[in-house]
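Dock chain E against the given chain Z, drawing on the hints supplied.
Line by line, the protein sequences are chains Z and E.
Those letters in the first sequence? Residues 0 to 205, by numbering that gives the first Met the number 0.
Those letters in the second sequence? Residues 0 to 205, by numbering that gives the first Met the number 0.
Just so you know, the hints here were simulated from the structure itself, not pulled from any lab data.
One should not assume that every hint holds.
When chains are identical, the list treats them as one kind, so a pair holds in a single copy or across two.
Said to hold, decoys possible - Mimicking DSS-like on lysine-lysine, the simulated pairs with C-alpha atoms at most 30 Å apart in a straight line are:
| # | residue 1 | residue 2 |
| --- | --- | --- |
| 1 | K9 | K53 |
| 2 | K9 | K112 |
| 3 | K112 | K192 |
| 4 | K9 | K50 |
Read off the chains here:
Number of protein chains: 2
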Amino acid sequence: MPSEPCPAIKFYFDFISPFGYFASLRIDELAARYEREVEWTSMLVGVSVLKVMKIPPIVELPLKGAYVIRDAARYAREHRVPFERVSPTPVSRPLEAGRLFAWAKEQDADRAKLVAGAIFHSYFAARDDIAEMAVLRRCAEHAGFDWADYQAAHEQGAPAQLLSRNVEESLAQGVFGSPFFIVDGEPFFGVEKLPVVEHWVASGGW
Amino acid sequence: MPSEPCPAIKFYFDFISPFGYFASLRIDELAARYEREVEWTSMLVGVSVLKVMKIPPIVELPLKGAYVIRDAARYAREHRVPFERVSPTPVSRPLEAGRLFAWAKEQDADRAKLVAGAIFHSYFAARDDIAEMAVLRRCAEHAGFDWADYQAAHEQGAPAQLLSRNVEESLAQGVFGSPFFIVDGEPFFGVEKLPVVEHWVASGGW
Numbered sequence: 000m001p002s003e004p005c006p007a008i009k010f011y012f013d014f015i016s017p018f019g020y021f022a023s024l025r026i027d028e029l030a031a032r033y034e035r036e037v038e039w040t041s042m043l044v045g046v047s048v049l050k051v052m053k054i055p056p057i058v059e060l061p062l063k064g065a066y067v068i069r070d071a072a073r074y075a076r077e078h079r080v081p082f083e084r085v086s087p088t089p090v091s092r093p094l095e096a097g098r099l100f101a102w103a104k105e106q107d108a109d110r111a112k113l114v115a116g117a118i119f120h121s122y123f124a125a126r127d128d129i130a131e132m133a134v135l136r137r138c139a140e141h142a143g144f145d146w147a148d149y150q151a152a153h154e155q156g157a158p159a160q161l162l163s164r165n166v167e168e169s170l171a172q173g174v175f176g177s178p179f180f181i182v183d184g185e186p187f188f189g190v191e192k193l194p195v196v197e198h199w200v201a202s203g204g205w
Numbered sequence: 000m001p002s003e004p005c006p007a008i009k010f011y012f013d014f015i016s017p018f019g020y021f022a023s024l025r026i027d028e029l030a031a032r033y034e035r036e037v038e039w040t041s042m043l044v045g046v047s048v049l050k051v052m053k054i055p056p057i058v059e060l061p062l063k064g065a066y067v068i069r070d071a072a073r074y075a076r077e078h079r080v081p082f083e084r085v086s087p088t089p090v091s092r093p094l095e096a097g098r099l100f101a102w103a104k105e106q107d108a109d110r111a112k113l114v115a116g117a118i119f120h121s122y123f124a125a126r127d128d129i130a131e132m133a134v135l136r137r138c139a140e141h142a143g144f145d146w147a148d149y150q151a152a153h154e155q156g157a158p159a160q161l162l163s164r165n166v167e168e169s170l171a172q173g174v175f176g177s178p179f180f181i182v183d184g185e186p187f188f189g190v191e192k193l194p195v196v197e198h199w200v201a202s203g204g205w
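Pulled out of the complex, with its shape left as it was, chain Z reads as follows:
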C-alpha cells in the first residue's frame, strides 16, 4: 500500500500585498524540491487588519509604513523581481481579483495559479488597476478560463461567496497577513520566513 502523500502547504495571500506577490514566485518551487504540493488561497488583509486586529493598514502606520515600502522595493531589487509599484498608492481594491481567483480555483486549482500569477504581474509589474474587470478578464483568459462562464457565476454571486468563505477560513486558521504559510499545522508569516519554511519541510519540524 503506498504511503499517504504529505498534505499540501497552505499559502495565503492578498493580491495587493507586494510580499504576497514575492512569495508567489518562490513557494511552489520550494515545495516541489520536497515533493510537496501548495494550495493557494486568496484572502483580504484589510479584513484581518482592520476588522479583527483593529489597527490601521500597515502602510499608514508612522515609521513602519515607510519601512515596509522601502523593504518591498529592496526585496524586489535583491531578488530581481519586476516591481513597478514602489509607491503603494493608488491601491486597487483586491475584492474582484480575489473573487476571480476563488472561482478559478474551484474549476482547476493548477490553472488558477496562472490566473493569480497574471493578476500579481498586472498589478506589480504592469501597474494595471486590478479592480478593473477588463484587466481581470485578460488574466482569466491568459489561463484558459472562459470569461462568459465567470460572468454567469459572478451574476449568481458564487465567486463572492467563495471568497468570503476563504477569508473566514483563513481567519479561523489564524492568518493575519500576506503572505502566510501553514505547513502541517505550523503557521509562518512573511516572505522572509521562506527559509524557515524550507527548514521545517526539509527536517520535518522541531
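Leaving out everything else, chain E in the frame of chain Z:
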C-alpha cells in the same frame, strides 16, 4: 594612509523583546566575519508602538499576538537558545534595564554588551524580573561595573536622560521595533532579516 573603517552596524533592541534577545546572540558574530563593529542601543518598543504608531502591544493583538508567542518559542527551539519565557506574562518593565545599559555603554561600550547579555539571559533564560534592582546589580557586576558608581549616577538622573536620548534618537532613525538594524543607513527590522543584513554587508548593498 590607511582606509577608513566601515561605520558600525547599529543594533537597536528592547530588553523585553525575545527577538531582540535572539538577535543579540548573533549580530556581533555576523558582523565580525566582515570585520564590522556593532553599536548596541537599547530602546523602548512601548514608546514606538504605543505613542508613535498608536497601536496596542503586538502580543495583545488578536491573531498576531498568539502567532508571535508561538514564533518566539519555535525560533528558540530551532536555534537551541535557552528560552524559558514562553508565556509573555508577567512582563518586566524594561525601563531600569535600559537605563543601566545606556549608562554602562557610556563607560565602556564593549563591557556594556556583557551587561546586556546578562540582562537578556536573566530575563529569558532564568525568568528573573529585570525591573528588580538586585537583578540588575548582579548583571552590572558580572561585567565588572561598580554598582555604587551606578547608584550615584542614577540618583543624579543621568541614566534616565541617556535612555530618553537613545529612544528619541532611535525614533528619529525610524526604529519602530526590536530588533532593528541600520547598516550604512539602510534599515532592517526583525531577527529573520539577519540573512538579508549579511547579504547587504557582504555585497555592499544593491
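Each hint tested on the structure:
1. In the homo-oligomer, the alpha carbons of K9 and K53 lie at most 30 Å apart inside one protomer (25 Å), although the nearest pairing across protomers, at 32 Å, exceeds that limit.
2. Proximity of K9 and K112 under a CA criterion of 30 Å is satisfied intra-copy only: 13 Å inside one chain copy versus 41 Å between copies.
3. Taking identical chains as interchangeable, the C-alpha atoms of K112 and K192 lie at most 30 Å apart whether they share a chain (21 Å) or sit on different chains (28 Å).
4. Proximity of K9 to K50 under the C-alpha cut-off of 30 Å is restricted to the intra-copy arrangement: shortest distance 23 Å within a copy versus 36 Å between copies.
Comparing the model with each earlier hint shows no violations; every hint is respected.
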